[in-house]
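Given chain A's structure and the hints, the job is docking chain B onto it.
If you're matching them up, the sequences are chains A and B in order.
If you count the first sequence from 1, position 36 lands on 35 in numbering that gives the first Met the number 0, and the numbers rise without skipping.
If you count the second sequence from 1, position 248 lands on 247 in numbering that gives the first Met the number 0, and the numbers rise without skipping.
Honestly, the hints are just simulated from the structure, not real lab data.
Certain hints may be false.
With the C-beta cut set under 10 Å, the calculated list includes, among others, these residues of chain A facing chain B [stated by the list, open to error]:
1. D43
2. A65
3. D110
The beta-carbon is built from N, C-alpha and C at its ideal position, and this holds for glycine as well.
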Amino acid sequence: MDFPEDLYYTKEHEWVKLLESESAVLIGITEYAQEKLGDIVHVDLPDEEDEVHMNEPFGSIESVKAVSDVYAPVSGHVVENNSALLDSPEAVNDDPYEDGWLVKVEVESMDFAQELMDAEEYAEFIENEED
Amino acid sequence: MMRYFSLTEHDKKQMLDTLGKSSLEQLFLSLPEEVFHQGQLNLPSAKEEYELQSYFEAMSHKNYSAQKSFKSYLGAGAYEHFIPYVVDALSSRGEFTTAYTPYQAEISQGTLQAIFEFQSMVANLLGVGVANASMYDGASALAEAVLMALRIQKKRSKVLISQGVHPEYIKTIQSYIDPNQCEIHYLPLNQEGYPQLPELDDSIACVVTGYPNFYGVIEPIDQIAEQCKQHNILTIACFTEALAFGLLKAPGELGADIVVGEGQSLGNPLSFGGPYVGLMGADDKYVRQLPGRLAGQTVDAQGTPGYVLTLSTREQHIRRQKATSNICTNHSLCALRAAIYMGTLGQKGIESIALNNHEKAEYLKNELTQLKGLELLYQGPSFNEFAIKLNSISLKQWQEAFENNNIASGVDLARFDHRNKNCLLINCTETKTDDDLKHYIKVAKEVLK
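Chain B extracted, bound-state conformation:
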């Protein structure tokens, strides 16, 4: 690999000589004078390397970081989890850090096998027959799922979406999908936080549910899927927290036809919101409508196992005019991290982390809801995230008190929906110790007093 070195005077002269020019000015002679910058650039003077490093370190210390300076209870689609060191160690190997698309099976066996393993584990986790590898993030995976449902249901154009689906995911659907292509209806949530289905009919292509949804509520997808099946409507289950399936029954097993969501929780850091990795799986019979790439396992003429990109005809590099989607990267390095994470923990490990998340969040939820002055926004069961509504004080007062204790107490829900004034979405993962939780409850008690 070529390293980056700036041009020397010698390099410049050599290039100018080749072009038959005597100076840079002469090279750019054809450009009009007014496009050139006049005077000096507004830059500070040069710094020593050490000085420069100190300068940027001082800048970075102005940031709050989830682990170091603040205890973060922020979730809402991006979750703080412990990442075993083996994930960094293996995924940073040079062989994997490539933007190269592994079309040539002959030289890509390692990458292809990693993708294959990722798909297999995702399919297992989501309880579906087949999973692709991989989408940009949960939001774009959901938009692709809706497009996929509309492809399968050629003659239907209505899409019903639970209002429990992440509001930013809904915005992504709106920007992906041509309004002439389908009619979107939103399903209001009841007290439990479950979407209210209207009378179903044969004009509906799919129903999108949240499992768990944006407010942390585990929507009853088995009942929804059962009703949908009677009208041949596809059920799409969408999640933001993949680790939930270490504890909950997989959405595919509960009757969801297409399952999509965010895989960040599986070994990828928060990193300011991305890049993340979208997970997407479906029933076997829809494999040809699944967008993106798919790595398959086969045997060569000698019977040795090998890996290839398969069913590529619906991807954009072959018959691109017929491609099922324009998705063109696979966030492969993030997918690799997810594969290493899942491979490291195994089924038992994921189950135990999921249980740990759930127990801590339930403890916090139960303790908080015993306090006067706040209530649960939705009553339905949740995994590691729940929404509360403050009745006696303002959210501003609450947040200030927590910030003074170096706690980011949750996400202000009014940011997503103005009707949710004074409501807070609180997330709790395995990264919070019992003392952390007790501290949270203590601060809550003080501020509500």
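Excised from the complex, chain A in its bound form:
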């Protein structure tokens, strides 16, 4: 399973990507999460300018099996949401790290990085969870 090295990961199976040129981050769900959810049929995202709060749900992903909340790995406000997902939610299944991103958030501080896992830690975390 693919967990890119340049991303941060949460225990709720979201990833965070720092965008070098700006103080914003991209947020999505991991390949592991999309595989567990199964075929995704709907994604509910916050509007632009909405605030998100670390560890609180900011949207939901509905698959043929269930609806799951997506928890914010950071605090800040939404600068962009991936509105393409409204028409093609399956992008989250097909390409969770690129086309399947969920929101771009302007963060209040970079402290969140300390709370998150790197690729190696996340892979280990999943292995333990599978056991």
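Showing chain B alone in chain A's frame:
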């Protein structure tokens, strides 16, 4: 199914024995003495079955009934229509008379298909992409529609409501919706009975219109919807008489985003005001914000068509903390009757009944307004209901004269709004014959003389 039989002495003894008690008194020993009723119950002596039946029949004859003893021109949200016998015959089948919620598709195919057919016909009738099945009644459907609009328009909190909307529906909105959640403004009606829109802006979530409205007037929802669209305001069309759409262009086709109203006219009897069936539909793109249940059609692994409750995640049995509403029954039997009614009549039948309603009501309206001493309250076009104002005599005199002729002449509008003193809402459906209408006009002429 278990039938009800009262307890025999033997049953009682068996239960007491199991509990290790020797008598009922001993069973209730722990209760304080003062909560027990002292002395004899104030009941008449026992009657034979035949006597009992006669007694209740005599009681029931004291009621006026729309068909038997009185010619009723009462409408105002509940309409007397002819119901083909097939509706009673099919809907009373035991398989359908269940309170069971058809969550398990495996054993509910008949019920689910009936709901699916109901939704499809309602969507067609209202001119919308999707309809749910079903709400309690028109009033609660409208309250749900306003809540739905506020969910879609997350950042807007103003709701404009035409004063032509049924006053009881407006009360239902007021009791459903937290006053902190939104700001409600009422739109006064002009001479035609059309709501007067203020200058629209981006703080308004939705505009609620009546089509036809409480006073029978067909509000110009196409114009209202067009103005609303310029500010991304949702238009909610609300009706009390579903059969109107056999004649009028469907509200969804005229630009209403959400369409709600009462479905009683479709095969459900007056029955003292309920239970009825709320109809609710919306544009496809709002399907996830639609409250209540939705039955969908699919195919199984073998390709055989099947029916399931779908999009249930916004309903309360899954993720109930995220449910879009607390609506929890679907008045399914009433919805089934509506489906059978629509299925029986078909599009042509509904069109012809609607035309019949309209023509009779127009005849009555035209004849009445030629008489001196009364005038139309609102001038706008109407379907099968219209409001008049008496100028020369009191409403009491008018009603007494009609009652002496076994006619319930209409609904006193002052009951809903004190400003409408001496005003009467008159409804006329296909159940009135030409002779009935002539009789009505004759009585009107006499009383106004």
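Hint check:
1. D43: This hint holds: A/D43 lies near chain B, its Cβ roughly 8 Å from the closest one there, short of 10 Å.
2. A65: This interface hint holds because 8 Å falls under the 10 Å limit.
3. D110: 29 Å, violated
Of the numbered hints stated above, the single one contradicted by the structure is hint 3.
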